[in-house]
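Based on the provided sequences and hints, a complete structural model is requested.
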Amino acid sequence: MNNWISALANLQTQGEPCVLVTIIEELGSTPRNSGSKMVVSAAHTFDTIGGGHLEYKAMQIARDMLVRGQHNTHLERFSLGASLGQCCGGVTVLLFEPMGQVQAQIAVFGAGHVGRALVPLLASLPCRVRWIDSREQEFPEHIPQGVRKIVSEEPVDEIADLPVGSYCIVMTHNHQLDLELTAALLKRNDFAYFGLIGSQTKRVKFEHRLRERGFEATQLQRMRCPMGLTEVKGKLPVEIAISIAGEIIATYNANFGQHTASAEPIAKLLPVSRRSQAIN
Numbered sequence: 001m002n003n004w005i006s007a008l009a010n011l012q013t014q015g016e017p018c019v020l021v022t023i024i025e026e027l028g029s030t031p032r033n034s035g036s037k038m039v040v041s042a043a044h045t046f047d048t049i050g051g052g053h054l055e056y057k058a059m060q061i062a063r064d065m066l067v068r069g070q071h072n073t074h075l076e077r078f079s080l081g082a083s084l085g086q087c088c089g090g091v092t093v094l095l096f097e098p099m100g101q102v103q104a105q106i107a108v109f110g111a112g113h114v115g116r117a118l119v120p121l122l123a124s125l126p127c128r129v130r131w132i133d134s135r136e137q138e139f140p141e142h143i144p145q146g147v148r149k150i151v152s153e154e155p156v157d158e159i160a161d162l163p164v165g166s167y168c169i170v171m172t173h174n175h176q177l178d179l180e181l182t183a184a185l186l187k188r189n190d191f192a193y194f195g196l197i198g199s200q201t202k203r204v205k206f207e208h209r210l211r212e213r214g215f216e217a218t219q220l221q222r223m224r225c226p227m228g229l230t231e232v233k234g235k236l237p238v239e240i241a242i243s244i245a246g247e248i249i250a251t252y253n254a255n256f257g258q259h260t261a262s263a264e265p266i267a268k269l270l271p272v273s274r275r276s277q278a279i280n
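So the sequence shown is numbered by the UniProt record's numbering: it starts at 1 and just counts up by one.
Do not rely on the hints blindly, as some may be mistaken.
As the list claims (entries may be wrong) - Once the Cα atoms are required to be at most 30 Å apart in a straight line, the calculated DSBU-like pairs of lysine-lysine come out as: (1) 202 / 149; (2) 233 / 205; (3) 149 / 57; (4) 233 / 202; (5) 205 / 235; (6) 202 / 187; (7) 187 / 149.
Since the hints were derived computationally from the structure, they do not count as laboratory data.
Structure follows, in structure tokens:
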């Protein structure tokens, strides 16, 4: 499959992030005309913007955007000369548009009653969920799309594989396991959010034991326990799940959409001769 429209539709159906690269301005001799498009995923490219080093450079930029989870569009101007290893001599401006970006990577430790109520809620959000437990029988028969079930005899070992900036939720059946997961997450200390299910009393006990292990107050302050929105009352699993999901949403939306666009106006990217035309 090489058609960018079909590729984009397929990737979005699969929930796989990609970047749509479009030639939006051309001057002089260029490999392809304005409007030509290419789709770049983490592992594949679909269609072409003309090949050569221009296309290779565009693929690098697009994949870097995917790695960084960049949400905003990006514009870049290329002179198709010796510096780019091409001999066309023209100028091309490319628009990079992230598509289907996952807004949050979430790890849920525990497949108990609250976990089974929470994960379907999270799966309906723009996120990817790792659902981790040592007890395979606790997982429901149907796992929601976008959720990866991980059965691990050592759930703590899974922390090493979490992406930087993950949202981590600990709610296992075992307080000692909760403590070990908490210690591992706080030691790594590169999460966007860490919530531990339990009461204020549980927090006090955990803080005492973690201080004995050498954790500082600043590290302990990053732990949300009790977690969830206090405005959402109730003790039913679904009520607790809604409270936690609400807090996750509030956290990842806190700064979303407030970043200024990194792209310069198109006019500034054009040669002087075209820039004056674009401004007028």
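Outcome of the hint check:
no.: 1; hint: 202 / 149; in the structure: 27 Å, holds
no.: 2; hint: 233 / 205; in the structure: 24 Å, holds
no.: 3; hint: 149 / 57; in the structure: 36 Å, violated
no.: 4; hint: 233 / 202; in the structure: 19 Å, holds
no.: 5; hint: 205 / 235; in the structure: 22 Å, holds
no.: 6; hint: 202 / 187; in the structure: 19 Å, holds
no.: 7; hint: 187 / 149; in the structure: 24 Å, holds
Taken one by one, the earlier hints fail for this structure only at number 3.
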